[in-house]
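Undergrad: Protein chains in written order, with our numbering: chain A, 232 to 459; chain B, 2 to 45.
Hints are not guaranteed to be accurate.
To be verified - Residues from chain A shown here face chain B by an in silico Cβ test under 10 Å; the list is partial:
#, residue
1, C257
2, G260
3, L302
4, K310
5, L320
6, Q326
7, G389
8, I420
9, G422
10, S435
In short, the hints are calculated from the structure, not lab data. Built from N, CA and C at the ideal position, the CB exists for glycine as well.
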Amino acid sequence: MTSSVFGRAAEPIVVDVWSDVVCPFCYLGNAVLKEAVEQFPHGSSVQVRYHSFQLNPGFPVGEAVLADDYLAKQYGMPKAQIEASHAQLSARGAQSGLDYRFPTSMMINTLDAHRMIHLAKAHDAEPAMVDRLFRAQFTDGLNLADHDVLADLAAELGLDRASALDALKTKAYEKDIRADLARARELNISGVPFFVFDNRRAVSGAQPVETFRKALDMIWQDRAASPA
Amino acid sequence: MPSSNVVEDDEQVEAEATEPAPAPLIMLEPADDSGVCAVDGWCD
Numbered sequence: 232m233t234s235s236v237f238g239r240a241a242e243p244i245v246v247d248v249w250s251d252v253v254c255p256f257c258y259l260g261n262a263v264l265k266e267a268v269e270q271f272p273h274g275s276s277v278q279v280r281y282h283s284f285q286l287n288p289g290f291p292v293g294e295a296v297l298a299d300d301y302l303a304k305q306y307g308m309p310k311a312q313i314e315a316s317h318a319q320l321s322a323r324g325a326q327s328g329l330d331y332r333f334p335t336s337m338m339i340n341t342l343d344a345h346r347m348i349h350l351a352k353a354h355d356a357e358p359a360m361v362d363r364l365f366r367a368q369f370t371d372g373l374n375l376a377d378h379d380v381l382a383d384l385a386a387e388l389g390l391d392r393a394s395a396l397d398a399l400k401t402k403a404y405e406k407d408i409r410a411d412l413a414r415a416r417e418l419n420i421s422g423v424p425f426f427v428f429d430n431r432r433a434v435s436g437a438q439p440v441e442t443f444r445k446a447l448d449m450i451w452q453d454r455a456a457s458p459a
Numbered sequence: 002m003p004s005s006n007v008v009e010d011d012e013q014v015e016a017e018a019t020e021p022a023p024a025p026l027i028m029l030e031p032a033d034d035s036g037v038c039a040v041d042g043w044c045d
């Protein structure tokens with residue numbers, strides 16, 4: 232069906248994504264969503280917005296431990312089970328161009344990392360910041376609880392390093408983060424990644440690219456069926 | 002997974018009344034049951 236450039240078809244398809252930077256499936260889901268958008272014939276009409284979610288809000292702020300040690304201690308997971316799980320996800324990630332290096336990944340409280348995403352959002356650099364934080368967490372093994380590390384990443388993306396440090400020091404964007412978390416509760420989101428398409432259809436988890444393509448196709452059809 | 006604000010795949014969303022309450026989300030059937038990190042930090 233041909234869509235008019237006027238009305239709803241001219242509005243961006245908004246994909247709202249709830250994720251956490253220490254969530255390995257969020258890294259994968261983000262990459263797969265991108266693949267789906269690239270495949271989607273109307274991909275240039277898609278706008279992705281990121282929202283904060285915390286898997287371990289009770290983790291001490293500023294501290295960092297190896298994620299594998301945390302998993303072993305928190306869940307009593309045998310090392311072999313952890314490694315098998317990592318191998319499976321690493322293989323899936325590699326298919327999407329991701330280089331998971333789990334032995335160096337750290338568990339942290341991600342509140343400050345989310346501040347950087349909101350800072351980047353204010354400078355139209357949100358997707359780049361999300362990508363960079365995921366890579367820092369799962370490939371580079373950086374400590375994202377360290378303010379200097381976060382500020383360096385912000386500077387790497389062209390943001391003002393001093394402003395980033397100030398945002399961390401003053402606990403900026405608290406209201407925005409809380410709003411994201413509150414909205415997640417309203418939607419009964421119990422796990423991430425979680426994707427909402429046009430505030431209408433939703434996908435839970437790092438699903439195959441076909442699932443995301445299906446969601447985008449459905450939204451496009453929804454719009455065609457109910458033009459403005 | 003989300004429950005009270007969610008309906009199953011392909012169900013029709015009721016037409017919005019005068020109230021601005023958002024329509025429930027329509028969940029796409031997952032192709033894979035894994036791929037989620039839960040609120041307790043457990044990823045499966």
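Undergrad: Could you run down the list of hints and mark each one as holding or not?
TA: The hints, checked one at a time:
1. C257: With Cβ-Cβ at 7 Å, under 10 Å, it holds.
2. G260: Hint holds; G260 (chain A) Cβ to chain B Cβ min 7 Å, cut 10 Å.
3. L302: It holds, given that the least Cβ distance between L302 (chain A) and chain B is near 8 Å, below 10 Å.
4. K310: 16 Å, violated
5. L320: 8 Å, holds
6. Q326: Hint violated; Q326 (chain A) Cβ to chain B Cβ min 13 Å, cut 10 Å.
7. G389: Not OK, violated: G389 (chain A) not within 10 Å of chain B, min 30 Å.
8. I420: 6 Å, holds
9. G422: 4 Å, holds
10. S435: At about 5 Å, which falls below the 10 Å cut-off, the nearest Cβ of chain B leaves the hint on S435 (chain A) intact, so it holds.
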